[in-house]
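All chains should be built: construct the whole structure from the sequences, respecting the hints.
One letter stands for each residue in the lines below.
2 protein chains.
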Amino acid sequence: MIRHTVVFTLRHKPGSVEEQEFLDEAKKLADIPGVKKFEQLRQVSPKNDFRFGFSMEFAGQAAYSGYNNHPFHVAFVRDRWMPEVEKFLEIDYEPLG
Amino acid sequence: MIRHTVVFTLRHKPGSVEEQEFLDEAKKLADIPGVKKFEQLRQVSPKNDFRFGFSMEFAGQAAYSGYNNHPFHVAFVRDRWMPEVEKFLEIDYEPLG
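Protein sequences, first through last, are from chains Y and Z. Positions 1 to 97 (this note's numbering) are the ones given, in order, by the first sequence. Positions 98 to 194 (this note's numbering) are the ones given, in order, by the second sequence.
The set of hints was computed from the structure by calculation and includes no laboratory data. Glycine included, each C-beta is placed from N, C-alpha and C at the ideal position.
Here chain Z is said to cover these stretches of chain Y; the calculated rule only asks that three of the stretch's residues, wherever they fall, bring their Cβ under 8 Å from a Cβ of chain Z: (1) 31–45; (2) 48–59; (3) 84–95.
Calculated cross-link-like contacts (lysine to aspartate or glutamate; reagent style DMTMM-like; alpha-carbon spacing at most 20 Å): (4) Z:K134 / Y:E39; (5) Z:K184 / Z:E118; (6) Y:K47 / Z:E191.
Structure (structure tokens):
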């Protein structure tokens, strides 16, 4: 199992229509084959200034690569993520031991 | 639900006895009342240089505060975390919407 997470901040004003439209479009990433446990999250720790997170799981590297290379994901990154995300950090986990 | 996560790197040599002892001791955090879904994880993305992660969930802020203030957690942070962790980032999530 690989858990792919990304924590990020949007360029949009908090609570704006543009923010909601971005999140709504991102929900469609859950439909890409191999994506499990897709979650949209609010980052709430005061110890960092990221505002949102996505989390999803893949059975293994083949499914993760299939997601990364899927046309919807490629287009989402190009057309929405790059212009609308101010900053982000990707963190991926596998079970330990 | 609050998901508390921390991604970190130890000062210890990878694969060392000291690394394993730190992780073994940290497993006991799962026994603090209110801690659910405790996980020890390996950070595997090449896009950051953190090496491990812990994730746990709390029903709400009261349980999270109870964990933070629990004597075992306070002692773990003082005696193990501060001297043995090189760098870390805490990320906390709540469900969005």
